[in-house]
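A.B. asks: Sequence:
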Amino acid sequence: LAQQYFDYNHTLYPVVRRDWFDSYLELQFTSPDSPEIENPFWLFSMWMVFAIGAKTHSAVTSDAKLADDAEDFYENAQVYFPRVRPRHHVNNLLMLDSILLEVSYGILKRIDCHVWYHLRIAIDLAIGLGMYGNPTQRILLMPDEEQQYCKRLLWSLYAMDRVVSISLGRPLGIRDCDIEIDRFSVVDNDREALAVQLHIISLRQIAGEIWDRVYTTRYTHLPERERNKIVSQLGIALTYWRSRSRTSASSTVPHMSAAWHDLNLTTHQILLHRPSPLTPILTPKRVRYLGDRCAFAISLMDAMIGRQLYPLTSINLQTLFHTSFTLIYVIMTQPNPILGNPRRNIKALDRLETAGDLLDIFAEKFRSAIRARDMVQELARRFRLSEAHSDEMGPGTTVFTPFPLYRGASTGLHVPFRLEPTMAPWRDAMMQMMRAGHGLRVEGHTRKTWQPGKELFDTLYEDIHYRHKANSRRIGTEDLRDAGE
6 LAQQYFDYNH
16 TLYPVVRRDW
26 FDSYLELQFT
36 SPDSPEIENP
46 FWLFSMWMVF
56 AIGAKTHSAV
66 TSDAKLADDA
76 EDFYENAQVY
86 FPRVRPRHHV
96 NNLLMLDSIL
106 LEVSYGILKR
116 IDCHVWYHLR
126 IAIDLAIGLG
136 MYGNPTQRIL
146 LMPDEEQQYC
156 KRLLWSLYAM
166 DRVVSISLGR
176 PLGIRDCDIE
186 IDRFSVVDND
196 REALAVQLHI
206 ISLRQIAGEI
216 WDRVYTTRYT
226 HLPERERNKI
236 VSQLGIALTY
246 WRSRSRTSAS
256 STVPHMSAAW
266 HDLNLTTHQI
276 LLHRPSPLTP
286 ILTPKRVRYL
296 GDRCAFAISL
306 MDAMIGRQLY
316 PLTSINLQTL
326 FHTSFTLIYV
336 IMTQPNPILG
346 NPRRNIKALD
356 RLETAGDLLD
366 IFAEKFRSAI
376 RARDMVQELA
386 RRFRLSEAHS
396 DEMGPGTTVF
406 TPFPLYRGAS
416 TGLHVPFRLE
426 PTMAPWRDAM
436 MQMMRAGHGL
446 RVEGHTRKTW
456 QPGKELFDTL
466 YEDIHYRHKA
476 NSRRIGTEDL
486 RDAGE
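Every position in the sequence shown, counted from 1, becomes a number in the numbering used here once 5 is added.
In short, the hints are calculated from the structure, not lab data. Errors might be hidden in some of the hints.
[Said to hold, decoys possible] With a straight-line Cα cutoff of 30 Å, these simulated DSBU-like cross-link-like pairs (lysine-lysine) come out: (1) 290 - 370; (2) 370 - 114; (3) 370 - 70; (4) 114 - 70; (5) 290 - 234; (6) 370 - 352; (7) 114 - 156.
[To be verified] Quick list of simulated restraints, FRET-style, between CB atoms: (8) 135 - 234: 35 to 41 Å; (9) 177 - 245: 18 to 24 Å; (10) 69 - 139: 48 to 54 Å; (11) 184 - 83: 29 to 35 Å; (12) 355 - 222: 34 to 40 Å; (13) 135 - 77: 35 to 41 Å; (14) 68 - 234: 46 to 52 Å; (15) 34 - 293: 55 to 61 Å.
The structure displayed is predicted, hence computed values, not measured ones. We put the beta carbon where it would ideally sit given N, CA and C, even for glycine.
Produce the entire structure from the sequences given, and follow the hints as far as they go.
C.D. replies: So this is what it looks like as structure tokens:
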């Protein structure tokens with residue numbers, strides 16, 4: 006379990022000093038009566054490392070027993086957490102170390118307000134210790150190993166802040182302009198892991214810039230040329246980051262494999278190029294590029310899950326979900342969704358179906374993935390249905406996007422076949438996504454969004470919802486389809 010921790014988590018957040026941990030772990034087994042192993046900080050760290058290692062391994066192998074063991078290890082660690090109290094400067098560092106281990110476990114389990122709260126406490130504690138600015142006299146008097154330890158804690162906190170804040174859509178807690186300290190050196194007996202972590206910090210820094218410059222309104226007043234220049238500069242930074250990666254195609258450690266770095270490059274490119282406050286309207290060229298990136302990302306996720314390099318965690322589920330819906334957005338924003346480029350669209354539909362299969366794997370562990378899987382699979386089915394009917398109608402036929410219309414709706418479009426009404430959860434999710442992207446708009450043309458018969462369908466949906474609730478039975482796809490008919 007400790008090796009699982011150092012392979013998967015330590016390469017992202019090198020909080021634990023490996024030499025120190027190995028020596029104490031050996032002492033734990035060789036001299037169980039030694040008073041040194043009664044140290045509350047050691048006991049807390051030991052159980053947290055076991056908990057994170059078990060949680061990671063269960064996420065990779067889908068081992069339910071290990072997941073239960075991880076919860077038991079975490080409960081054991083909480084017994085010693087209150088005893089790691091800040092009484093002086095050294096204990097303050099130990100307290101920061103302990104909180105970062107809590108955040109590491111929370112990121113694996115589920116990123117929510119509790120993880121964000123722990124992270125903000127750690128940020129405040131780091132400010133109080135003066136870890137942001139130039140080293141104080143007190144820090145300079147420390148041994149070099151302790152100074153490197155402080156830097157590793159700070160930059161681990163920095164990386165966690167980027168992951169948690171961006172995942173929750175909240176402001177960054179640590180800004181680049183506030184940090185005056187340089188990065189840590191690659192020392193200790195895990196040089197390779199620390200070198201990878203330094204490289205990942207560079208990616209987190211680019212992600213923070215994307216979040217700050219693309220997804221805020223700070224630069225929306227600039228002319229289009231300047232805004233495109235910002236996107237171009239960030240894209241070059243991502244490409245340069247990937248070119249400097251030292252990876253191995255056969256590595257069994259995710260963060261040291263070429264596939265993991267390719268996937269992170271691709272997902273950050275998607276984050277950069279999808280509709281945002283900086284670029285609310287995409288050119289057809291950017292839409293095609295975005296579709297290619299989404300398809301490639303889903304292919305990488307599929308391959309990595311097969312090689313046990315893509316743990317089934319909540320943050321990876323979120324990445325897959327966002328990638329899938331961005332691909333749906335790309336398909337729907339084409340001037341003619343199915344006939345525009347048959348080869349490209351067939352590839353996109355294949356990848357969308359693959360995304361549905363991957364969400365089905367996640368659904369075995371996360372209940373929230375069930376609804377996402379149903380949405381993606383149903384939309385993929387409707388896109389396939391539209392494609393099949395477009396082949397029957399022949400070239401030149403305008404095929405409506407696979408969102409259905411009620412009879413009598415005045416659209417001016419030819420609808421070659423009748424589709425059942427859209428189900429409320431899917432419609433609401435898609436409308437929310439389209440509002441976030443300022444509608445289905447592409448430079449050169451505009452596609453309208455319809456909600457025909459909304460009031461009628463809401464009435465039908467409520468009727469069948471309460472009828473099946475009375476029977477204590479879960480509403481299924483066929484039930485809602487019958488309600489629509």
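A.B. asks: For each hint, tell me whether it holds in the structure or not.
C.D. replies: So, going through the hints one by one against the coordinates:
no.: 1; hint: 290 - 370; verdict: 38 Å, violated
no.: 2; hint: 370 - 114; verdict: 11 Å, holds
no.: 3; hint: 370 - 70; verdict: 13 Å, holds
no.: 4; hint: 114 - 70; verdict: 15 Å, holds
no.: 5; hint: 290 - 234; verdict: 16 Å, holds
no.: 6; hint: 370 - 352; verdict: 28 Å, holds
no.: 7; hint: 114 - 156; verdict: 26 Å, holds
no.: 8; hint: 135 - 234: 35 to 41 Å; verdict: 37 Å, holds
no.: 9; hint: 177 - 245: 18 to 24 Å; verdict: 22 Å, holds
no.: 10; hint: 69 - 139: 48 to 54 Å; verdict: 49 Å, holds
no.: 11; hint: 184 - 83: 29 to 35 Å; verdict: 31 Å, holds
no.: 12; hint: 355 - 222: 34 to 40 Å; verdict: 37 Å, holds
no.: 13; hint: 135 - 77: 35 to 41 Å; verdict: 38 Å, holds
no.: 14; hint: 68 - 234: 46 to 52 Å; verdict: 49 Å, holds
no.: 15; hint: 34 - 293: 55 to 61 Å; verdict: 58 Å, holds
Violated hint: 1 only; the structure is consistent with all others.
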